[in-house]
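For the record, the sequence lines run as chains A and B. Under this note's numbering, the first residue of the first sequence is numbered 28, with each subsequent residue one higher. Under this note's numbering, the first residue of the second sequence is numbered 3, with each subsequent residue one higher.
Treat each hint with caution, since some may be false.
Claimed, not checked - Distance condition first, Cα-Cα at most 25 Å in a straight line; then the derived SDA-like pairs of lysine to any residue:
#1 Lys155(A) - Lys410(B)
#2 Lys383(B) - Glu60(A)
#3 Lys409(B) - Asp41(A)
#4 Lys410(B) - Ala152(A)
#5 Lys107(A) - Pro64(A)
Hints were generated in silico from the structure; no laboratory data involved.
Here is what each chain is made of, one letter per residue.
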Amino acid sequence: MSEIRELYQELILDHNRNPRNFKKLPDANHSSEGFNPLCGDHYHIYMNVDENSVIEEITFDGSGCAISKSSASLMTSFLKGKTVAEAVHFFDLFHDVVMGKIDPESAEDELGKLSVFAGVREFPARVKCASLAWHTMKAALVEENKPVVSTE
Amino acid sequence: MTQTEITNEVFSVTKARLDFPALHQEIHGRPLVYLDNAATTHKPKSVIDAIDRFYSRDNSNVHRGVHYLSQKATGQYERSRQIVQRFIHAADEREIIFTSGATESVNLVAQTFGRKFVHAGDEILISEMEHHSNIVPWQILCEQSGAKLKVIPFNQRGEIDLNGYAELLNPRVKLVGIVHLSNTLGTINPVAEMIRLAHSQNIPVLVDGAQSVAHLPVDVQSLDADFFVFSGHKIFGPTGVGVLYGKSHLLKTLPPYQGGGDMIHSVTFEKTIYADLPHKFEAGTPNIAGVIGLGAALEYLQRWDLREIAAYEDELVNTATKALKQIDGLTIIGEAEHKAGVVSFVMENIHPHDIGTILDMEGVAVRTGHHCTQPIMDHYKIPATTRVSFAMYNHLAEIDVLISALKKAIEVFR
């Protein structure tokens, strides 16, 4: 049971039950759709990026497992007010942590609450759940023409 | 030709379990409870030994050498064909074609039957509960030929709408493809009745038996199926081997699927004469060890009384269904009157993927997702289910482990 609690921490369960920024953004100037065909996780990320490349507003909607939904909720909370360059940097950092490429403690200062997903690295089948929202966000920023992102 | 059923041992799950080495291991410190048999079954020692024996001793190519080992390999390979013939009660061993699996078997029919008989404006009729492997090959054929794919609906319980089916049958329909036992809903479809209806309009029927062969006694002649496909690995055999059964008069009219060695009678640059059945459809060196392993798997299964196994599996499905229904917020997906092997469900506020991870930590292996049946998910407007699927080696006590693991998931998500 303790390994399970390690993965499903209270913060993750809370954001799964009450996802933040969970709405469409009708006037978004960046958006993308992310899909995990194996388990059916499916999200849209919406963003408003201003002329100084600052993410003024970021929201999401869709459905999926607790890991993917809480990850989208925490990511949107975290990235609001950050620049596009910072968002790309945090994508890389988050990715390295959940993939187990770097020690999560070394990234804890930068990632803050997002470090709660470090437990995912012990569950290889779930890494794509945690990273789906991030891939979708990145696609919305840098690969505007790519219609659907897939983590498979 | 009359067939005698080999039924020499009273079925005992305790005894059967001893024959499957992979069942006896711990996962995350808990005894494995393997409930993902619709994905693939474990293999009895006799199958593992048959494959080991082939590669360690008898390894040779089939149908060509005059030397001892080649003859021995050919003998074993062809003996498996007879075992399959007897197992599904085919009239003739030449009606048994070895493929890489049920998927290839469907593709073989789609491409050969399609090339010969399906043209622009024709229709292929399949059901809404087909596995993707009995959807996509027909979509490819429809794209190639200009034919249309039509879909037989099912009701909320997960049962084929037979009236809707009858209305869809018409002279434009060139073939009906129907799953015998749904891998997601567990529904046993009334294939004999569906075949009778199709035949009344001279339409041939392909039955996808990937799930049914391990759970229901199959008699292709009494079903009057024109084509019947299944995979070895879902019936205790190895992966990478499967079967296409086809009525010989139909198979004889079809063009070959792939060209190559072993499927020819003679080759010159001017003209190639194809081999007779079944070799016409078995181009290239086949999966010899796989075919021998499949033969060993069917022989293993026939040690038991298949009707006793079916009755025991009914008890597993009924017991699991009853226990699952006691859980608050759990809904069974697929409540057909006739079911076997499979129980799918969804739970309020817990996504199947999260259930799968928590069950895994308790040693319980289930499948979560759309099970390669996205149209079924669309029908019920759900993204995924958790699927529990049984084999004859599952113990009733394993259902208790499943239920207590599900209660842990509820506790985590409370």
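Taking the hints in turn, this is what the structure says about them:
| no. | hint | verdict |
| --- | --- | --- |
| 1 | Lys155(A) - Lys410(B) | holds, 24 Å |
| 2 | Lys383(B) - Glu60(A) | holds, 19 Å |
| 3 | Lys409(B) - Asp41(A) | holds, 19 Å |
| 4 | Lys410(B) - Ala152(A) | holds, 20 Å |
| 5 | Lys107(A) - Pro64(A) | violated, 28 Å |
Violation of the numbered hints given earlier is confined to hint 5; every other hint is satisfied by the structure.
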